[in-house]
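Q: Use the sequences and the hints to build the structure in full.
Chains as they are written, first to last, in this note's numbering: chain A, 1 to 252; chain B, 1 to 282; chain C, 1 to 235.
These aren't lab readings, by the way, just hints derived from the structure by calculation.
Just so you know, these numbers come straight off a predicted model, no measurement behind them.
Think of the CB as a built atom: it goes at the ideal place given N, C-alpha and C, for glycine as much as any other residue.
Watch out, some of these pointers could steer you wrong.
Said to hold, decoys possible - Using 27 Å as the maximum straight-line C-alpha spacing, the simulated BS3-like pairs for lysine-lysine come out as follows:
(1) K138(A) to K187(B)
(2) K14(C) to K233(A)
(3) K241(A) to K161(C)
(4) K187(B) to K142(A)
(5) K16(C) to K86(C)
(6) K233(A) to K186(A)
(7) K241(A) to K86(C)
(8) K110(A) to K187(B)
(9) K233(A) to K86(C)
Stated by the list, open to error - Chain C residues, not near chain A, derived (Cβ > 12 Å throughout):
(10) Q7
(11) E37
(12) R58
(13) L65
(14) L116
(15) D154
(16) E172
(17) E173
(18) R215
(19) K229
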Amino acid sequence: MGVSIEVTNLNAWYGSNHALQDINLNIPANRATALIGPSGCGKSTFVRCLNRMHETNPVARVTGKVIIGDLDIYKDIKPVEIRRRVGMVFQRPNPFPTMSIYDNVAAGLKLNGYSSRHVLDEIVEKSLKNAALWEEVKDNLKKESGASLSGGQQQRLCIARALAVDPEVLLMDEPASALDPVSTAKIEDLIFQLKAQYTIVIVTHNMQQAARVAENTGFFLNGRMVEFDATDKIFTNPSDKRTEDYITGRFG
Amino acid sequence: MRAWIRGLSDGAATGLAVLSTILVVAPLVAIFVYLIYKGASSLSWAFFTEVPKPVGEAGGGMANAILGSAILLGIGSLIGIPVGIAGGIFLAEYGRGTKLATAVRFTADVLNGVPSIVMGIAIYSLVVVPQGHFSAFSGGVALGIMMIPTVCRTTEEMLLMVPNAVREAALALGVPNWRSVMAITVKTASPGIITGCMLAFARVAGETAPLIFTAFGNVGWNARLDEPIAALPLQIYVYALSPYDDWHRLAWAGSLVLIVLIVLAVSLVRYVTSRGVLKGAS
Amino acid sequence: MTRIRFQQRLEELKEKLLEMAGLAEQATQRAIEAYRERDLSICDLVSQGEITINCLERDIDQAALDLLATEQPMAGDLRFILSVIKINAELERVGNAAKSISERVRHMERMAAAELPVNIPKMATLASEMVRKSLQSFIEADAETARSVLTMDDAVDAMNKAAFKSLIKVMEEQSHLAPQALNALMISRSLERVADHATNIAEDVIFWVQGDDVRHHKSLQREMEQQSKDGGNIS
Chain A
1 MGVSIEVTNL NAWYGSNHAL QDINLNIPAN RATALIGPSG CGKSTFVRCL NRMHETNPVA
61 RVTGKVIIGD LDIYKDIKPV EIRRRVGMVF QRPNPFPTMS IYDNVAAGLK LNGYSSRHVL
121 DEIVEKSLKN AALWEEVKDN LKKESGASLS GGQQQRLCIA RALAVDPEVL LMDEPASALD
181 PVSTAKIEDL IFQLKAQYTI VIVTHNMQQA ARVAENTGFF LNGRMVEFDA TDKIFTNPSD
241 KRTEDYITGR FG
Chain B
1 MRAWIRGLSD GAATGLAVLS TILVVAPLVA IFVYLIYKGA SSLSWAFFTE VPKPVGEAGG
61 GMANAILGSA ILLGIGSLIG IPVGIAGGIF LAEYGRGTKL ATAVRFTADV LNGVPSIVMG
121 IAIYSLVVVP QGHFSAFSGG VALGIMMIPT VCRTTEEMLL MVPNAVREAA LALGVPNWRS
181 VMAITVKTAS PGIITGCMLA FARVAGETAP LIFTAFGNVG WNARLDEPIA ALPLQIYVYA
241 LSPYDDWHRL AWAGSLVLIV LIVLAVSLVR YVTSRGVLKG AS
Chain C
1 MTRIRFQQRL EELKEKLLEM AGLAEQATQR AIEAYRERDL SICDLVSQGE ITINCLERDI
61 DQAALDLLAT EQPMAGDLRF ILSVIKINAE LERVGNAAKS ISERVRHMER MAAAELPVNI
121 PKMATLASEM VRKSLQSFIE ADAETARSVL TMDDAVDAMN KAAFKSLIKV MEEQSHLAPQ
181 ALNALMISRS LERVADHATN IAEDVIFWVQ GDDVRHHKSL QREMEQQSKD GGNIS
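A: Next comes the structure, spelled out in structure tokens:
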């Protein structure tokens, strides 16, 4: 089951660049929440603070509180631990190039010490089914490498890989921006189904996509969160003029 | 008119490329052909099984040198490859941007530039003198140290070529950094790393100078690490400089065998590692 | 400024709608004048104008549809285009009402003149004023003006109810005047309709400008009051 995320006074820096300023936000459980905003507004940085991937950059720094479920992720738990509970799917599909499809999906488990063959088989099948990829690859699981699939399939493979470790939250950083409309539609349908089991946070440039999949949407601008509300409201009658200017394309 | 000129310049460029290729490959082919011409006639079963006969007697072989080279290269690889790979991993994955990494890289480059005879003298002072005698072990150490820079730099380069996205994917799964480096990054770069090792191997397989003061050479059979040992390049050098025709013939045969063995070793490694590659993998 | 082409297309849509509005207003004015002057030639003008109004309605709807499909309008732009489509429909119906009135005038011509206890001109003035104001609120994107139109509707409704009562009485007590009374009743009804359309236009303007859906607020309020009166009764 998914959990809620509570963000309080989050600030993030890359060296001296104050990338996120005073972010306060409540992301509800078992819903999809979209984050929109122009390039460089901090939405990707924000998402990477939720699974502490922000820290992989040596000059990164964070203050504030992020509570996922009932855990303060910057105090109660180590980065490696939180990343097992908060999964991430990236903009460009990045399956492990030397591994088969099976090994890709099982990677998160195998590399963390699980080795029971029977259990792995089950989990791989379940994850691929949840990612709507099972039917297309079930005959070639161990023979084909992850890189031999099409772009849309690769992305679903990455989703299956993230789901295999059974996270509570799934972070998606522009998951469909590198894909064609049909693949995009498949991923969106998938998000719809995944909501029942996980909490989903999706960063997107594509406002129609945000509108289609997310119940709530947050608008980021210059490191601040300008507005956070029900998606319908944001796109038909936003409260802040800056939000309106962005979504109607009337910048500058 | 334009198209005609373009066609002409295209043809000229192609011709130039073909000519360059021939110029590069020709010496290699020429050497190989000449070696076969000069050395093949001296090859016999005895060559591979017998030790050299005393001066004046016909026959004999280089079996001890072949074994000796194998042992020396074995020790050298055992020293040079792990240290080189570890260094490469440090430079690419853990020390990026640090002063220590810059120092390590600089050291490797300097080491690479040390003339092989100087290396031999250095190991002589550091290993042979304290030991009190020449030995296969010191020869292996010399070869191993010469392998380190090549292995280290190619390992670093191959690791840097692994896209960051792959590392991030592993980290995002909650895999600890060291595990991500070993099981994902290194594994992805392994074809390139192996190539680096083979390059280093092929280079030191033909080194003679460092062995003069360390392994020293041996006319008899020796498989012990603490005694002087024969090596193919060393043997060839000694025989070639000698005034005896018999030994000259053996030197030619030895040269041919040396090159063929190196090619065989490299091909074997390539074959073995390509067996494990999956369909469609890079 | 980005999306210049989109901006231009929105302006063009607005121009088209204003043209439609002008025609609808003109039709209403002409119908009322035909009534006052008993002038059949003016009725002909109204009938001809009706054809233009219908063509323009189709143009506007098509243009709006194209904008929705190709420009992915959001927020204010989306509400604007939606309002244009609805106001377009209301204006076409105003044109229909004007045509109805002019048809009644034609019928009246064949009848004897009669004094009737109903103030058609006053209703007509109010109704056309409401149309004018609602269109002004659209041009100026002014929600206040639009809200003032909503309050004027009550007056017209009251006048229509009163007309209904008194004309029924005339038909009962002076049956030879029944045809004229019936005619007047239908004209009154058409004018009440015009007022309703003007009200709808004003509500659409408020939705566009403020994002507020103020339609049916009276009946919704009544419904809610009724429900709270019923208390916990499960219907």
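Q: Now tell me if each hint is right for this structure.
A: A quick look at each hint next to the structure:
1. K138(A) to K187(B): holds, 25 Å
2. K14(C) to K233(A): holds, 25 Å
3. K241(A) to K161(C): violated, 45 Å
4. K187(B) to K142(A): Judged against 27 Å, a Cα distance of about 17 Å means the pair holds.
5. K16(C) to K86(C): holds, 14 Å
6. K233(A) to K186(A): holds, 26 Å
7. K241(A) to K86(C): holds, 25 Å
8. K110(A) to K187(B): holds, 15 Å
9. K233(A) to K86(C): holds, 21 Å
10. Q7: At roughly 8 Å from the nearest Cβ of chain A, Q7(C) sits no farther out than 12 Å, so the non-interface label is violated.
11. E37: Fine: 47 Å to the nearest Cβ keeps E37(C) off the interface.
12. R58: holds, 27 Å
13. L65: holds, 18 Å
14. L116: holds, 48 Å
15. D154: Consistent with the label, D154(C) stays out of reach of chain A, its closest Cβ about 28 Å off (over 12 Å).
16. E172: Consistent with the label, E172(C) stays out of reach of chain A, its closest Cβ about 52 Å off (over 12 Å).
17. E173: holds, 55 Å
18. R215: holds, 16 Å
19. K229: holds, 32 Å
In this structure, the earlier hints numbered 3 and 10 are contradicted, and the remaining ones agree with it.
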